[in-house]
Structures are given as C-alpha cells and as structure tokens.
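Asker: Kindly generate the complete structure, drawing on both the sequences and the hints.
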Amino acid sequence: MKAPRLTDTTLRDGSHAMKHQFTREQVRNVAQALDKAGVPVLEVTHGDGLAGSSIQYGFSRTNELDLIEEARNAVTKAKIAALLLPGIGTRKELKDAIGRGIQVVRIATQCTEADISQQHFGMAKEMGLEAVGFLMMSHMRPPEFLAAQALLMESYGADCVYVVDSAGALLPDGAAARVRSLKEALKIQVGFHGHNNLGLGVGNTLAAVKAGADQVDGTLRGLGAGAGNTATELLAATLDRLGFEHDWDVFGLLDAAEFVVAPFMPFQPIPDRDSIAIGYAGVYSTFLLHAKRLGQQYNVDPLDILVELGRRKTVAGQEDWILDVTLELAKRKDKG
Amino acid sequence: MSTSPINKVKVAILGSGNIGSDLMFKILREPGHMELVLLSGIEPQSEGLARARALGINASHEGIKPILDDPEIRIIFDATSAHAHVRHAKLLREAGRIAIDLTPAARGPYVIPPVNLGAHIDEQNVNLITCGGQATIPLVYAVSRVVAVPYAEMVSTIASLSAGPGTRQNIDEFTFTTARGLEVIGGAKQGKAIIILNPADPPILMRNTIYVLLESEDVDRKAIVDSIEEMVTAVQAYVSGYRLKNEPVFEVRDTPDGRRTLVAMLLEVTGAGDFLPSYAGNLDIMTASARQVGEVFARNILGLGK
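Sequences listed follow chains D and X, in order.
Position 311 (the first sequence) corresponds to 312 in the numbering used here; numbering is contiguous.
Position 125 (the second sequence) corresponds to 132 in the numbering used here; numbering is contiguous.
Since the hints were made in silico from the structure, they are not lab data.
Mixed in with the good hints, there may be bad ones.
Claimed, not checked - Partial chain D-side listing against chain X, Cβ under 7 Å, derived:
| hint | residue |
| --- | --- |
| 1 | Glu26 |
| 2 | Gln57 |
| 3 | Phe60 |
| 4 | Asn64 |
| 5 | Asp67 |
| 6 | Ile89 |
| 7 | Ile99 |
| 8 | Glu114 |
| 9 | Ile117 |
| 10 | Gln119 |
| 11 | Lys314 |
| 12 | Gly318 |
| 13 | Gln319 |
| 14 | Asp321 |
| 15 | Leu330 |
Claimed, not checked - Here are the simulated lysine-lysine pairs, BS3-like style, with alpha carbons at most 30 Å apart:
| hint | chain 1 | residue 1 | chain 2 | residue 2 |
| --- | --- | --- | --- | --- |
| 16 | X | Lys229 | D | Lys336 |
| 17 | X | Lys196 | D | Lys334 |
| 18 | D | Lys293 | X | Lys72 |
| 19 | D | Lys332 | X | Lys196 |
| 20 | D | Lys20 | X | Lys196 |
| 21 | X | Lys196 | D | Lys96 |
Glycine residues also receive a C-beta, built at the ideal position from the N, C-alpha and C atoms.
Answerer: Shown next as structure tokens:
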C-alpha cells in the first residue's frame with residue numbers, strides 16, 4: 002500500500018522551540034538533508050505562520066521570507082510550503098511568500114472558524130498554489146462537526162484538509178474517528194498533524210493513517226511546540242516497518258535528525274510535567290514556553306497557568322491571555 | 008411633518024441589522040442633541056424594521072431614498088456594508104448631508120472620539136475604522152502623546168458569535184485597517200493588528216491586548232500610566248464597559264532593534280446590552296462610538312461648540 006505524503010515542518014513548528022531564532026544556515030542545512038532523504042514537502046515559516054513575528058508570539062531573528070527563499074534554493078525536488086493563519090497573516094504576506102518560492106500554502110483556522118479562510122484559499126488557487134486546510138485544536142469538537150468545517154474549506158478550493166491536534170490532546174481512537182469522518186465527507190485528501198504531549202505523536206499518526214489519512218506531518222527530533230511534534234524520522238521508520246511503499250530514505254532521516262538538527266536544538270522537547278499538562282488540559286502547545294517564562298517572572302506554577310487556560314477554553318493564538326491569567330493567579334496568591 | 012425641538016438635529020439610521028438596531032436603542036436611550044426620525048433598511052420583512060415601528064420610530068424598506076427625500080435629516084449613520092456605503096457616500100455628499108460610516112468603506116477620515124474628532128468636525132463623511140481600532144487606538148495615542156512610539160501591536164479576541172459574515176469574509180481588511188489606524192491616529196511609527204475568534208460557550212467578553220514598544224529603557228512610567236488612565240476615563244464617558252483588567256505592565260524586552268521598554272495593557276470591553284448581548288463589546292464599542300460622534304456633530308450643527 003502506498004504511504005501517505007510526508008510533510009516535514011521542522012522549519013515551521015520547530016520555530017516555536019527555537020523561539021523563532023532560526024538562521025539561514027540552519028534552514029539551508031535542514032532543507033538540504035530533508036530533500037536528499039526524499040521528503041516531498043517542507044514547511045518554512047514563523048511558528049505562528051506568515052507575519053507571526055510579533056510581541057504576541059515572539060519576533061523572528063531572520064525574516065521568514067528570507068528563510069523561505071533559502072530553503073527553496075537548497076532543495077532539488079521538495080516543495081516548499083508556508084503556514085498562514087487568517088487574522089494574523091493576510092493575503093499580502095501570502096503574495097510575498099509566493100514571490101519567494103512557496104508552492105504550497107497551509108491555511109489554518111481554529112476548528113470552528115473555517116469560514117474566515119475563504120479569501121485566502123481564493124487567492125492561493127488563483128495563483129496556482131496547492132492549498133491545504135488546517136483545522137487547529139481539533140480535539141475541541143466531535144468528528145461530525147469537524148467534517149462540516151472541512152467541507153467549507155473544500156468549497157473554498159482546498160486540495161486537502163488536516164485534522165490538527167494542536168494541543169496534543171487526542172487519543173488514538175479520537176484521532177482516527179476525526180480522520181474517518183473527514184474521509185467520508187470530503188472528495189479531497191485528508192491529513193493529520195500530531196503533537197506528543199501525551200506521548201502519542203506517532204501512535205495517533207499511525208491511527209490516522211489506518212483511518213485513511215493521505216498526508217501526515219512530522220518534525221525532525223520532534224522539534225516543535227509543547228512536547229514536540231510527531232518525529233519525522235520515527236514516522237518514516239514505523240511506516241516502513243508497516244510495509245508501506247515510500248520514496249524516503251529512513252537512515253537518511255535518522256542522520257538528518259541526529260547530525261543536522263540535534264546539534265542546534267536548545268532542548269529536546271519531551272512529554273515532561275508541563276507538556277503533559279498541556280495535552281491533559283487541552284491547550285495550545287505553543288503556550289508552553291510563554292507559560293514557563295511568565296511563571297518564573299511572577300512566581301506562579303506554569304502548570305496552574307496552563308490548566309487555567311484550558312478551563313477558559315483558550316484557542317490557537319491567544320498567547321496574550323497567558324499574561325492575563327498569570328497576573329490573576331499571582332494576585333490570588335498574594336491575597337491567599 | 009413633525010416639528011423637531013429647536014435644540015435637536017434629526018438623524019436617521021441606514022441598515023436594519025444588529026448594528027443598526029443596537030444603535031437605535033442607544034440613541035433612544037440617550038438622545039442628547041439628536042432626534043432619531045427614521046430607521047431604513049432594504050428588507051420589508053426585517054425584524055429590525057418591525058422593532059423600530061414597535062418603538063414608534065418611522066421605518067422604511069426603501070434604503071436611502073426616504074433619507075434623500077427628507078432634507079431635515081442632517082446626520083445619517085450607515086450600518087449597511089462597505090459596498091453599499093460607497094454608493095450612499097456619494098449620494099449623501101451630493102445632498103449635503105453628514106455620513107457617519109460604521110462600515111469598512113472608509114470614504115472619509117478615520118475618527119476616534121477622544122483623539123481626533125475635533126479635527127474632522129467639518130467633514131461630511133467620517134469613518135469609525137474597526138471595533139478593535141476603536142478599542143485600542145485611544146490607548147496607543149495615550150502613550151504616544153507622552154513619549155515616541157516606534158511600534159504598537161494590538162490583539163483583539165472576540166466571541167465567535169459576535170463576528171458576522173462581513174467580518175469573517177473580510178478578515179484581512181480588519182488587520183490592514185486597524186494596523187493603519189494605530190499608525191495614523193494612534194501615533195505609532197509602525198502598527199500591527201491581530202484578530203482571534205474564540206468559540207467558547209458561554210461566549211467570552213471582547214478582550215484586547217495592546218503592546219507598545221518604547222525606544223528607551225528609561226521612561227517616565229508615571230506620566231505614561233497617568234495618560235493611559237486619563238484616556239480610559241475619557242472612553243468610559245461614552246463606552247461604559249471599557250476597562251483595563253490590570254495596571255499597565257512594564258517590561259524590558261529584547262527585540263530585533265535592541266532592548267526596548269514594553270508596555271502591555273489588558274483591556275476588556277463589556278457591552279451595554281442595549282440590544283446586542285453584553286459579551287459583544289466589539290459591536291457595542293462601534294455603536295457607542297457612532298452615537299458619540301453623532302452627538303458631537305449635532306452639537307456643532309446647533310452651534311453649541313465643538
């Protein structure tokens with residue numbers, strides 16, 4: 002059986018763990034290694050998508066458009082993708098990114114808000130791009146609900162829609178049920194993007210593939226938000242062992258993870274105390290480092306901050322509420 | 008023809024949707040120097056028109072026509088759509104009427120009541136920017152009138168239920184327009200705007216976070232805080248649910264341009280609940296600002312000062 006298409010997002014989701022400090026050299030080396038190992042799509046953008054460089058999410062050290070161009074020049078076969086979150090990035094930045102060489106755009110909305118993406122899909126298709134929809138925080142809604150949102154993206158011109166487990170909160174059955182529901186409803190392809198907060202990055206992705214996922218995501222060494230992403234090299238090895246036909250070089254990916262990415266990683270994301278709390282409470286994985294920083298600054302336990310953010314049903318991109326909740330918890334502590 | 012009290016200016020609302028209806032309730036509750044004489048839509052069966060009639064307000068489904076037919080109507084609030092306002096703006100200008108535009112059409116200058124309304128009091132068409140702009144630009148201005156602001160960023164989080172199809176289909180325009188407003192009126196050299204829709208149930212109140220970067224690490228914090236507090240009070244005079252959740256937070260941050268002082272302001276806007284639910288502070292601040300602009304224009308027409 003044919004393997005799902007692999008998209009590596011080390012150079013986008015990995016940007017969170019790097020606090021958006023990627024250099025041109027790192028991007029060039031990672032892109033070359035992934036291209037050589039046969040990964041067909043590489044995503045390169047600020048962690049929060051085009052125009053994500055901000056006080057809210059962290060400023061990029063190097064302009065993401067320069068990094069996109071660097072990656073495009075480094076590859077021979079792989080396509081370069083960018084992420085776009087309507088509300089943060091706009092068609093202006095999308096156009097700029099197309100000018101610098103992206104061939105795929107992944108358009109991400111909170112899983113209840115697909116109808117804010119119509120103008121961006123419209124432009125992507127008009128300009129001849131492959132357009133992929135990203136339903137973030139998919140654990141927050143049941144399978145049938147997600148399918149209805151995915152249908153909207155399909156109607157706007159999406160070529161594929163992903164179930165995105167931004168919080169790393171799904172369990173294998175939940176991941177499979179959501180992918181299956183989209184597969185039944187859509188004519189286009191369906192993808193799955195996993196995080197490892199509950200230690201299920203690979204497990205959930207394999208369940209999604211079994212349920213029919215046509216595209217899956219990973220990052221080398223799991224470099225990414227929260228406890229990190231599904232590791233690309235692990236996924237490549239396990240899908241190979243399951244007998245899928247594929248074009249990637251498993252050992253080449255092991256080398257890329259070990260010798261290209263690991264040396265520059267500031268830390269190895271793992272399901273530690275605070276990351277597990279993210280998966281358990283169902284909050285956006287990128288909140289991890291912000292909660293740790295503010296927790297330290299205001300002497301509040303990051304775990305308490307993350308759990309409270311989950312209770313308030315925060316969604317993708319609401320990093321400013323971390324400060325809000327931290328200040329409230331600090332005040333409560335003073336009084337208590 | 009009904010006679011208008013001598014100290015009132017006749018006004019009309021174009022658009023019988025949620026925004027037009029909420030504005031109608033606001034003007035009826037607090038008419039000031041305005042007399043609301045007409046609510047005009049284009050849908051005969053509209054609930055908004057029925058509501059107006061039930062309140063004794065003349066209602067029409069003939070759009071701008073009855074407004075153009077009545078020269079006594081001096082001020083028109085347009086709560087239709089950007090597309091419709093482009094046409095309305097031209098017709099109203101030719102008829103010598105004043106248009107207060109709640110759509111994103113931006114045919115006239117942007118106005119924020121406590122910041123720059125006085126400078127545009129003789130315009131025939133003024134625009135209210137965006138809900139996020141009405142909420143956050145005053146606070147950026149409050150800082151920039153004390154110290155130079157090279158960069159300002161706002162993040163608006165609104166309840167999904169309060170974002171209508173117009174906002175959803177044109178979300179980029181919110182971003183562009185609000186960022187531009189932070190610069191042109193807020194006084195920031197560079198502005199950035201982010202909008203997030205949150206589907207939580209029960210719906211969240213409108214929340215805005217304003218970040219301002221200052222060039223120096225050594226700033227007069229007290230002067231900045233005083234200016235911010237003064238501005239919050241000025242906005243509260245016409246948007247009762249406008250409040251900072253915390254004292255402004257000062258931090259020193261590394262940025263691509265070096266070490267900078269960051270001022271973070273956490274703002275909450277609770278709607279007055281005139282017609283729209285109180286969580287929809289984003290819509291309330293638009294209608295409350297529109298009413299305030301109308302009142303200031305009405306006073307000016309009556310020669311009661313600017």
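Asker: Between Lys332(D) and Lys196(X), does the CA-CA distance stay at or below 30 Å?
Answerer: 34 Å, violated
Asker: Does Ile89(D) pass the interface hint, meaning its C-beta sits closer than 7 Å to a C-beta of chain X?
Answerer: OK, holds: Ile89(D) within 7 Å of chain X, min 5 Å.
Asker: With a cut-off of 7 Å, does the beta carbon of Glu26(D) approach a beta carbon of chain X closely enough for the hint to hold?
Answerer: Hint on Glu26(D): violated, closest Cβ of chain X at ~18 Å, above 7 Å.
Asker: Checking hints one by one. Is Glu114(D) an interface residue toward chain X, by the C-beta closer than 7 Å rule?
Answerer: The hint holds - Glu114(D) has a Cβ within 7 Å of chain X, the shortest such distance being about 5 Å.
Asker: Checking hints one by one. Is Phe60(D) an interface residue toward chain X, by the C-beta closer than 7 Å rule?
Answerer: It holds, given that the least Cβ distance between Phe60(D) and chain X is near 5 Å, below 7 Å.
Asker: Does the interface hint hold: is Gly318(D) within less than 7 Å of chain X, judged Cβ to Cβ?
Answerer: 5 Å, holds
Asker: Min Cβ distance, Lys314(D) to chain X: is it shorter than 7 Å?
Answerer: 4 Å, holds
Asker: Hint check: is the beta carbon of Gln119(D) less than 7 Å from a beta carbon of chain X?
Answerer: Because about 6 Å separates Gln119(D) from the closest Cβ in chain X, which is inside the 7 Å limit, the hint holds.
Asker: Should the hint that Asp321(D) touches chain X count as held when the rule is a Cβ pair under 7 Å?
Answerer: 4 Å, holds
Asker: Holds or violated: Ile99(D) as interface residue toward chain X, Cβ cutoff 7 Å?
Answerer: Violated - the Cβ of Ile99(D) stays beyond 7 Å from chain X, reaching only about 15 Å at its closest.
Asker: Just to be careful, I want the Cα atoms of Lys196(X) and Lys334(D) compared with a cutoff of 30 Å; is the pair within it?
Answerer: 39 Å, violated
Asker: Would you settle whether the hint for Ile117(D) is holds or violated, based on the nearest Cβ-Cβ distance to chain X being less than 7 Å?
Answerer: Check passed: Cβ of Ile117(D) comes within 5 Å of chain X, closer than 7 Å.
In terms of the numbered hints stated before, the structure departs from hints 1, 4, 5, 7, 15, 17, 18 and 19, listed from lowest to highest.
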